[in-house]
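Student: The lines below spell out each chain.
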Amino acid sequence: MNYVALKMLFGDRAKYLMLLCGLTFAVMLIVQQGSIFWGLMIWSQSSVSNLNVPIWVTDPGIAQVDEVKPIADTAVDRVRSVPGVEWAVPLYKGLLRARLSNGDYHQITLTGLESSTLIGRPAEVLEGRFEDILQPDAVVLDQWAVERMGGPAIIKIGTIFELNDKLARVVAIAKTQKSFTNIPVVYTTYERALRYVPRERRTLSYVLAKAKDTLPVAEVTRRIQEQTGLGAFTADDFGWKTIGWILKNTGIGINFGTTIFLGFIVGMAIAGQTFYLFTVENLRQFGALKAMGASTFTLARMILLQAFTVGLTGYGLGIGLATAFGFLTARSGGLPFAETWQLLVLVLMALLAICAFSALISIIKLARLEPAVVFR
Amino acid sequence: MDHSTEQQAPSAAVSLRGIVKSFGTGDTKVTVLRGIDLDIYLGEILLLVGESGGGKTTLLSAIAGILDIDDGAIDVLGVPLSQLSAAKRTTFRGQAMGFIYQQFNLLPALTAAENVAVPLLIQKIGRAEAVQRARVLLDRVGLGDRAEFLPKNLSGGQQQRVAIARALVNEPRLLICDEPTAALDGPNGQKVMELLREVGRAPDRCVVIVTHDSRIFHFGDRMANLTDGRIVSIESIAREGTA
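Chains A and B, in that order, are what the protein sequence lines are. Residue 248 in the working numbering is what sits at position 248 of the first sequence, and the numbering runs on without skipping anything. Residue 8 in the working numbering is what sits at position 8 of the second sequence, and the numbering runs on without skipping anything.
Just so you know, these hints were derived from the structure itself, not from any lab. Just to be clear, a hint being listed does not mean it is correct.
[To be verified] No more than 27 Å apart at the CA atoms, straight line, and that leaves these computed lysine-lysine pairs for BS3-like:
1) A/175 <-> A/241
2) B/124 <-> A/365
3) B/152 <-> B/191
4) A/241 <-> A/212
5) A/212 <-> A/178
6) A/15 <-> A/365
7) A/156 <-> A/175
8) B/152 <-> A/15
9) A/210 <-> A/69
10) A/156 <-> A/241
11) A/69 <-> A/166
12) A/7 <-> B/152
13) B/124 <-> A/7
14) B/88 <-> A/365
15) B/29 <-> A/365
16) A/175 <-> A/210
17) B/88 <-> B/124
18) A/156 <-> A/166
With the rest of the complex left out, here is chain A (with noise of 0.2 Å):
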């Protein structure tokens, strides 16, 4: 009965390419806000992804990231001192201004590496190499700070601009991940960091760790913790911190959340509603199908087989625009979109749901519908 059941739902043409849009519609539209707020999501931890350290130290009382709060330059050695520490290196990062030859000023994060080591760099560079960063007065910038400071034109390799009335002179072009602020990188060696920034007690801002081979990160993050009295974090649980902090204090998750809920609802309402237009209209048909032998749970596979060929071929379909979408306005990194399997197995799970309850409020209509009807 799966191909009588088949031909019903695609004999109908209107009703199934009505049924089609609906779900279509809400999963593009639930994928599409969904990669977008999780493009955001991973825009907002950049700073740690870009960085690529397993283990960051600070202040314990940090509530993500981007806020910055200076710890004594000593806390490089305590961390050092640590069992399973394999190595540790001090990280500045804070925000200053960057005045270029044409007058033009940009807020920018400088972020300061360890010079013997340049642990923290970007992994991939565009322009120039990376290694440059140690001649007198370079600085490496990422591909967002050309973007942001003028375009390629004004910011390239050569280009002279002020740190806080000191010389800064690019050497390369990073590629990095876009934050959540969209400030341009700046990134420069710490001991650089230090003077162009004004003079503080405390300039410290992170210590990048790792733990030694033989030993879990998290046990050395929890060591690191308990002998030093500093926040400790892996990298991960600092992404997700930084994340909970974002859907805390911005109304993000609310307006993103609300979104997907709106398409969840209007996605099983124009399929609940169609589906049993479908089947009320069907429902001589299907009285004679029961009159002739069909059981209830027959036409109860059909219904389901129908109202999951469609959920199915709308998810593709939702699927295919939303990627489309993503991949038209994201390719230039100007959107956040972040299509993951995770997301795309949740709006699976939701669309499944529609489906399942179109197709039960169907099925409870036919569950009572007597054979008689027929006769009438």
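Given the coordinates of chain A, assemble chain B onto it according to the supplied hints.
Tutor: Same frame as chain A, now just chain B:
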């Protein structure tokens, strides 16, 4: 066929005893069948006639086992239908009965051959075999060249012929017809009844037809008149060449 004398009467294929059926409760309760006793025999065509609201369709639904009765006993082909569960009645219906409806009730998305094959598909017979058998039946009802037509591309008479083929494809021993000519004009109604008599009638099958259409009364063997929930008369229908 004459069942007027009890001594000559064969055992009934359908036996109804004391059938009572009401709808509604309290002040709105309406008793539609008020103690129906009726036997229908193999090889005969029984017409159920009577005024509208007299209970014909309700009785037909009860015989088909698609409507629960309040009281009485229904035996169909030796099976105590009124004692079976709804699920078992459904299975039995699929195996032993064929249906022809006033509104044809063909599935609009299926071709004529696929529509005829539906009862076989319900019985889990493979699609290729079911459609093959359906084509044979369509040939018998004169629609072999319309097998791939959708119902919307067939006339009313042709659709009813498809419905007849569908009703017969699983070789039922009880054929139940509800106003089979009501949606057809006179000539088409006559043709459909001729066909029904030609291909539907068989020694091991009985046919029950509910009808208002006096123009087709002569196609029956017996006629039961149902009025106000009671059978008020059962008469044999005289045919040309018979007494």
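Student: Against each hint, give a clear statement of whether it holds in the structure.
Tutor: Here is what the structure says about each hint:
1. A/175 <-> A/241: Answer holds: residue 175 of chain A to residue 241 of chain A is near 24 Å, not above 27 Å.
2. B/124 <-> A/365: This hinted pair holds, its Cα atoms lying about 24 Å apart.
3. B/152 <-> B/191: holds (20 Å)
4. A/241 <-> A/212: holds (24 Å)
5. A/212 <-> A/178: violated (30 Å)
6. A/15 <-> A/365: Satisfied, since the Cα-Cα distance of roughly 18 Å is no more than 27 Å.
7. A/156 <-> A/175: OK: residue 156 of chain A and residue 175 of chain A at ~14 Å, within 27 Å.
8. B/152 <-> A/15: holds (18 Å)
9. A/210 <-> A/69: It holds: about 21 Å lies between the C-alpha atoms, which stays within 27 Å.
10. A/156 <-> A/241: Cα-Cα ~35 Å, so violated.
11. A/69 <-> A/166: holds (24 Å)
12. A/7 <-> B/152: Holds, at about 15 Å.
13. B/124 <-> A/7: Roughly 17 Å separates the two Cα atoms, so the pair holds.
14. B/88 <-> A/365: Holds, at roughly 21 Å.
15. B/29 <-> A/365: Roughly 24 Å between the alpha carbons, so the hint for residue 29 of chain B and residue 365 of chain A holds.
16. A/175 <-> A/210: With a Cα-Cα distance of about 23 Å, the restraint between residue 175 of chain A and residue 210 of chain A holds, given a limit of 27 Å.
17. B/88 <-> B/124: Between residue 88 of chain B and residue 124 of chain B the Cα gap is close to 16 Å, so the pair holds against 27 Å.
18. A/156 <-> A/166: Roughly 18 Å separates the two Cα atoms, so the pair holds.
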